[in-house]
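There are 2 protein chains.
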Amino acid sequence: MTDYRRLRVALLGAGAVGSQVAGLLRQHGDELADRAGATLELVGIAVRDIDAPREVDLPRELLTTDAESLIIGADIVIELMGGIEPARTHILQAINSGADVVTANKALLATHGPEIFDAADQVGAEVYYEAAAAGAIPIIRPLRDSLAGDRVQRIMGIVNGTTNYILDRMDTEGADFADVLADAQRLGYAESDPTADVEGYDAAQKAAILASLAFHTTVPLDAVHREGITAIDKAMMDAARHAGYVIKLLAVCERLTGEASEESISVRVYPALIDRAHPLASVHGANNAVFVQAEAAGNLMFYGAGAGGVQTASAVLGDVVSAARRHIAGGVGVGESTLANLPIVPVGRVTTRYQITLEVDDRPGVLATVAGILSDGRVSIATLEQTVVGSDESGVARLVIGTHKALEQDLSETVDRLAASGVVERVVSVLRVEGD
Amino acid sequence: MTDYRRLRVALLGAGAVGSQVAGLLRQHGDELADRAGATLELVGIAVRDIDAPREVDLPRELLTTDAESLIIGADIVIELMGGIEPARTHILQAINSGADVVTANKALLATHGPEIFDAADQVGAEVYYEAAAAGAIPIIRPLRDSLAGDRVQRIMGIVNGTTNYILDRMDTEGADFADVLADAQRLGYAESDPTADVEGYDAAQKAAILASLAFHTTVPLDAVHREGITAIDKAMMDAARHAGYVIKLLAVCERLTGEASEESISVRVYPALIDRAHPLASVHGANNAVFVQAEAAGNLMFYGAGAGGVQTASAVLGDVVSAARRHIAGGVGVGESTLANLPIVPVGRVTTRYQITLEVDDRPGVLATVAGILSDGRVSIATLEQTVVGSDESGVARLVIGTHKALEQDLSETVDRLAASGVVERVVSVLRVEGD
Numbered sequence: 148m149t150d151y152r153r154l155r156v157a158l159l160g161a162g163a164v165g166s167q168v169a170g171l172l173r174q175h176g177d178e179l180a181d182r183a184g185a186t187l188e189l190v191g192i193a194v195r196d197i198d199a200p201r202e203v204d205l206p207r208e209l210l211t212t213d214a215e216s217l218i219i220g221a222d223i224v225i226e227l228m229g230g231i232e233p234a235r236t237h238i239l240q241a242i243n244s245g246a247d248v249v250t251a252n253k254a255l256l257a258t259h260g261p262e263i264f265d266a267a268d269q270v271g272a273e274v275y276y277e278a279a280a281a282g283a284i285p286i287i288r289p290l291r292d293s294l295a296g297d298r299v300q301r302i303m304g305i306v307n308g309t310t311n312y313i314l315d316r317m318d319t320e321g322a323d324f325a326d327v328l329a330d331a332q333r334l335g336y337a338e339s340d341p342t343a344d345v346e347g348y349d350a351a352q353k354a355a356i357l358a359s360l361a362f363h364t365t366v367p368l369d370a371v372h373r374e375g376i377t378a379i380d381k382a383m384m385d386a387a388r389h390a391g392y393v394i395k396l397l398a399v400c401e402r403l404t405g406e407a408s409e410e411s412i413s414v415r416v417y418p419a420l421i422d423r424a425h426p427l428a429s430v431h432g433a434n435n436a437v438f439v440q441a442e443a444a445g446n447l448m449f450y451g452a453g454a455g456g457v458q459t460a461s462a463v464l465g466d467v468v469s470a471a472r473r474h475i476a477g478g479v480g481v482g483e484s485t486l487a488n489l490p491i492v493p494v495g496r497v498t499t500r501y502q503i504t505l506e507v508d509d510r511p512g513v514l515a516t517v518a519g520i521l522s523d524g525r526v527s528i529a530t531l532e533q534t535v536v537g538s539d540e541s542g543v544a545r546l547v548i549g550t551h552k553a554l555e556q557d558l559s560e561t562v563d564r565l566a567a568s569g570v571v572e573r574v575v576s577v578l579r580v581e582g583d
Numbered sequence: 148m149t150d151y152r153r154l155r156v157a158l159l160g161a162g163a164v165g166s167q168v169a170g171l172l173r174q175h176g177d178e179l180a181d182r183a184g185a186t187l188e189l190v191g192i193a194v195r196d197i198d199a200p201r202e203v204d205l206p207r208e209l210l211t212t213d214a215e216s217l218i219i220g221a222d223i224v225i226e227l228m229g230g231i232e233p234a235r236t237h238i239l240q241a242i243n244s245g246a247d248v249v250t251a252n253k254a255l256l257a258t259h260g261p262e263i264f265d266a267a268d269q270v271g272a273e274v275y276y277e278a279a280a281a282g283a284i285p286i287i288r289p290l291r292d293s294l295a296g297d298r299v300q301r302i303m304g305i306v307n308g309t310t311n312y313i314l315d316r317m318d319t320e321g322a323d324f325a326d327v328l329a330d331a332q333r334l335g336y337a338e339s340d341p342t343a344d345v346e347g348y349d350a351a352q353k354a355a356i357l358a359s360l361a362f363h364t365t366v367p368l369d370a371v372h373r374e375g376i377t378a379i380d381k382a383m384m385d386a387a388r389h390a391g392y393v394i395k396l397l398a399v400c401e402r403l404t405g406e407a408s409e410e411s412i413s414v415r416v417y418p419a420l421i422d423r424a425h426p427l428a429s430v431h432g433a434n435n436a437v438f439v440q441a442e443a444a445g446n447l448m449f450y451g452a453g454a455g456g457v458q459t460a461s462a463v464l465g466d467v468v469s470a471a472r473r474h475i476a477g478g479v480g481v482g483e484s485t486l487a488n489l490p491i492v493p494v495g496r497v498t499t500r501y502q503i504t505l506e507v508d509d510r511p512g513v514l515a516t517v518a519g520i521l522s523d524g525r526v527s528i529a530t531l532e533q534t535v536v537g538s539d540e541s542g543v544a545r546l547v548i549g550t551h552k553a554l555e556q557d558l559s560e561t562v563d564r565l566a567a568s569g570v571v572e573r574v575v576s577v578l579r580v581e582g583d
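Residue numbers (my numbering), protein chains in the order written: chain U, 148 to 583; chain Y, 148 to 583.
In isolation and in its complexed conformation, chain U is listed as follows:
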């Protein structure tokens, strides 16, 4: 065995990911040393409760409740506690005591990223966060390094496994949202409080991180437009299938070039229709995928497990090896470049295609009225399908209108006008169509 320099690694947190990281560090120590060019010595694991049950057996002498003492003297600090505090304080302590940091904490990076990256810049430390963007899927290095000579135009990501699991089962089984959610909770795919997932908060955090990196721009979390999937029902799923689409919760990060010469970006999370032939449509179960459109490289897709303790641990350990190599050989880490700092536009200024489903009075002149309102609102009709709802005598028809690209603000005002027009009984759904 080669005689390597020893690097002191401190682990904060021993939950689903942390305990796997500890296990793999100990199990594959020799291989990791060969790849890092340094022996990675796990010097301690900070936990809240030393006696809590864990997925992986950890030597008791490594466990401590004193995170601060552990951080002092560490070369690499791995933060897997989650949440904002005390994770933020510990990461800043680590940076200021000269350590490089590896974290999977998307909530923290999406809210306090600039503070953390600035602190690291001040002292020449590096913060690695591959596991914060899309779990086990390598996306940070491809965006930062492989595409460094290219220009990312758009990212469309399925970045939340819980919602993809729910939508996929609704699609394949024709099941209802509530039933699948209950089942997902029972099987451990969804938390008992599923808000962070089903309302799109988790996806919005990841969208902010991906957009920051892809567009070299600080993207605060509150600049991300966010809608969840709780309004998606069986009827919408059926209608999507009928039209050749599937509904996915997408994180869309887009470079806009509009009429003005100045570039801007849009970052948004919402359920959208996507063509069944699109590579993202075949991402099933709790899997994640990030579809990247770049000026030169064209279309790329990165697919894999978006969550899971051992899967995420793989991404964390990749970062640990990178941090170790940097300790030995120098060089730059993942870093954060915000040199472009493009303006971020609100969702109202985004253009996409839409599918509008209406229930209207089934009498002469109604279609002309609807078409007139759309045209007045600068929303151009691409496809239209009218069907009778219930019996012929119900007097209600269903209109499914596919639009050409329209401005979100125009579309939204037009739908309001349709709802108030007197001929529309009900706006059944308005969904964006992504992926052209």
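Careful: at least some of the hints might be erroneous.
[Said to hold, decoys possible] Taking beta-carbon pairs under 7 Å as the criterion, some of the chain U residues facing chain Y (in silico): (1) D297; (2) A443; (3) M448; (4) A452.
Because the hints were derived from the structure by calculation, they are not lab data.
Just so it is clear, the structure is predicted and the values come from calculations on it, not from any experiment.
Think of the CB as a built atom: it goes at the ideal place given N, C-alpha and C, for glycine as much as any other residue.
Fit chain Y to the supplied structure of chain U, relying on the hints for placement.
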């Protein structure tokens, strides 16, 4: 504009990829400088013929036929000439004159990789080759860095666009190999001499590069088992579809753990059956994809354009930015680790599932004979379908046998024995089944 240090970049070759690299370097100079932390000055482009027509207009004063003079004094040399010589000599010159090298030359790396990486190690230079493995798809950094803390178990890659285009059209249109090949040549998807693609040589070079990186082992090109797709006909495609499979030319790089405690690897390229539900089955047209199974990360897939001038140029420029960062900030490049140096086993010692299609005499006792030969040969039957060929009176039946996992050597000897058994009229096809 920030005042950056200038780095001298020499480009060797101005073909489909080279001319795009030159164009992008000049077009996006400011953005590239911000990302690299250095101004990338294209000091010259070595070509064979200064007056040859090119896809991108290049300033005449940059063109030279004197590659050697261009290399001297360059900080980064981009080799896009292709072929073994003079590319090999120029790369070694560049390394020995202190430059870092970026290359897309898979033929060279698959045959002279160790020599080039050794030369680079001697002087502390780096060789970057993202574009040599799967065109525009970022796969080198994910394998080397993101998965550095994990263990790759298997890679299955669709790494040749021409053959995927041909097989995909045969599958979707029911067309014949020769017709689609002729069409692909007319459309520019296949060369006038298609040997390198359809016989699997190109895929074998990429397999050697991917396996070397994934298993930290020197994989010489002649250790890669290679079969092409020229024997695939419409009947085999139809039979595959009937059984729920699609035929893809796969580069398989596998870690074997067999009975002996010592690990080994297998690297092979051949057309194989893959389940239609597998993510690789939905890779259409000339696209490429690399499916990676890792111990902790689970299943990952990287998808995108495997070839094309501007797409490949994206990967080359990503490497150029990495090389520039290393010049400024230090650190290690892609490198080559062969610390594991696992033994590479011949294809005979690999186990996979098989689908064997036979035409047999349609009379009593034949099935028992066939089953006996399989069983004697340690090949276990998983599925069996018998159909009559032609009219009931033809006296010929078709047997499609799906096997459990069997050793290639056992399978091959068993097929020979079946062919000589007197009851088998014709061995129609023997295909491996991959992707379980």
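Going through the hints against the structure:
1. D297: Hint holds; D297 (chain U) Cβ to chain Y Cβ min 4 Å, cut 7 Å.
2. A443: With Cβ-Cβ at 4 Å, under 7 Å, it holds.
3. M448: At 4 Å from the nearest chain Y Cβ, M448 (chain U) passes the 7 Å test, so the hint holds.
4. A452: holds, 5 Å
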